[in-house]
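Peer 1: Sequence:
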Amino acid sequence: MKAIIKSKHFITEGGCNACQAFELETLTLHLENGKEVSLENLDVASLVTPFIQNEQWRTTLLLDEDEGYLYQKGNQEVTFIDNHATQVFVSEDKKIVCQKKACEQELFVKANDVLQQLFSIEPVEFAIEQA
1 MKAIIKSKHF ITEGGCNACQ AFELETLTLH LENGKEVSLE NLDVASLVTP FIQNEQWRTT
61 LLLDEDEGYL YQKGNQEVTF IDNHATQVFV SEDKKIVCQK KACEQELFVK ANDVLQQLFS
121 IEPVEFAIEQ A
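Just so we're aligned: 68 in the working numbering is position 68 of the sequence shown, and the numbers increase by one with no gaps anywhere.
Simulated from the structure, these hints should not be mistaken for laboratory data.
Ideal Cβ placement from N, Cα and C applies to all residues, glycine included.
Do not rely on the hints blindly, as some may be mistaken.
Under the rule of at most 20 angstroms between Cα atoms (straight-line distance), these lysine to any residue pairs were calculated in the SDA-like manner [said to hold, decoys possible]:
hint, residue 1, residue 2
1, 73, 102
2, 73, 58
3, 101, 26
4, 8, 129
5, 73, 101
6, 6, 60
7, 94, 75
8, 73, 26
9, 73, 119
10, 2, 112
11, 8, 22
12, 95, 129
13, 6, 32
14, 6, 18
15, 73, 88
For each label pair, taking beta carbons as the anchor points, the in silico distance ranges come out as [stated by the list, open to error]:
hint, residue 1, residue 2, range
16, 60, 22, 28 to 38 angstroms
17, 109, 84, 16 to 26 angstroms
18, 104, 23, 11 to 21 angstroms
19, 76, 12, 17 to 27 angstroms
20, 21, 76, 17 to 27 angstroms
21, 23, 92, 37 to 47 angstroms
Could you build the full structure based on these sequences and the hints that come with them?
Peer 2: Put into structure tokens, the structure is as follows:
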């Protein structure tokens, strides 16, 4: 499976004459099935979420000590906790910790680890292009 991340940079203004213009980057994930998904960030959680949703995993918001999500499909469960520096995915027998700040290649490797080991989803060939 292939997924292309299209990155677009543009200059925008804050909306008032006192605000300075700044550069903004938008990221869109283009899937083989023609679906396009806007990415909030370039991190593991943002990369795996569209594939989890595509495979019909149910998402529940957790509002415990650590906010996160519980993903469920049948009798399988994966918990996701987003900390300041890491993103943690935990199933019954596996735990994968991902650094939020990592190079693109590391993010792609970790995203595939999470997809394969925790959600049993085939690996994805990620690529980044300028839009």
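Peer 1: Quickly compare the C-alpha distance for residue 73 and residue 26 to 20 angstroms and report which way the hint goes.
Peer 2: violated (31 angstroms)
Peer 1: Taken at face value, is the distance from the CA of residue 129 to the CA of residue 95 at most 20 angstroms?
Peer 2: Roughly 31 angstroms separates the two Cα atoms, so the pair is violated.
Peer 1: Would the pair residue 2 and residue 112 pass a check requiring their Cα atoms to be no farther apart than 20 angstroms?
Peer 2: holds (12 angstroms)
Peer 1: Are residue 60 and residue 22 spaced within 28 to 38 angstroms by their CB atoms?
Peer 2: holds (36 angstroms)
Peer 1: For a C-alpha distance cap of 20 angstroms, please report whether residue 73 and residue 102 respect it.
Peer 2: violated (29 angstroms)
Peer 1: For a C-alpha distance cap of 20 angstroms, please report whether residue 6 and residue 18 respect it.
Peer 2: violated (32 angstroms)
Peer 1: Could you say whether the range 17 to 27 angstroms given as a hint is met by the Cβ separation of residue 21 and residue 76?
Peer 2: Between residue 21 and residue 76, where Cβ atoms are some 47 angstroms apart, the hint is violated.
Peer 1: Between residue 73 and residue 101, is the straight-line Cα distance small enough, at 20 angstroms or below?
Peer 2: It is violated: about 29 angstroms lies between the C-alpha atoms, which goes past 20 angstroms.
Peer 1: Measure nothing beyond the straight line between the CA atoms of residue 73 and residue 58; if it is 20 angstroms or shorter, mark the hint as holding.
Peer 2: OK: residue 73 and residue 58 at ~6 angstroms, within 20 angstroms.
Peer 1: Please verify whether residue 6 and residue 32 have alpha carbons no more than 20 angstroms apart.
Peer 2: holds (14 angstroms)
Peer 1: Holds or violated: residue 94 with residue 75, Cα cutoff 20 angstroms?
Peer 2: Judged against 20 angstroms, a Cα distance of about 15 angstroms means the pair holds.
Peer 1: Starting from the range 16 to 26 angstroms, see whether the pair residue 109 and residue 84 falls in it by beta-carbon distance.
Peer 2: With a Cβ separation near 22 angstroms, residue 109 and residue 84 satisfy 16 to 26 angstroms, so the hint holds.
Hints 1, 5, 6, 8, 12, 14, 19, 20, counting from the list given before, are not met by this structure.
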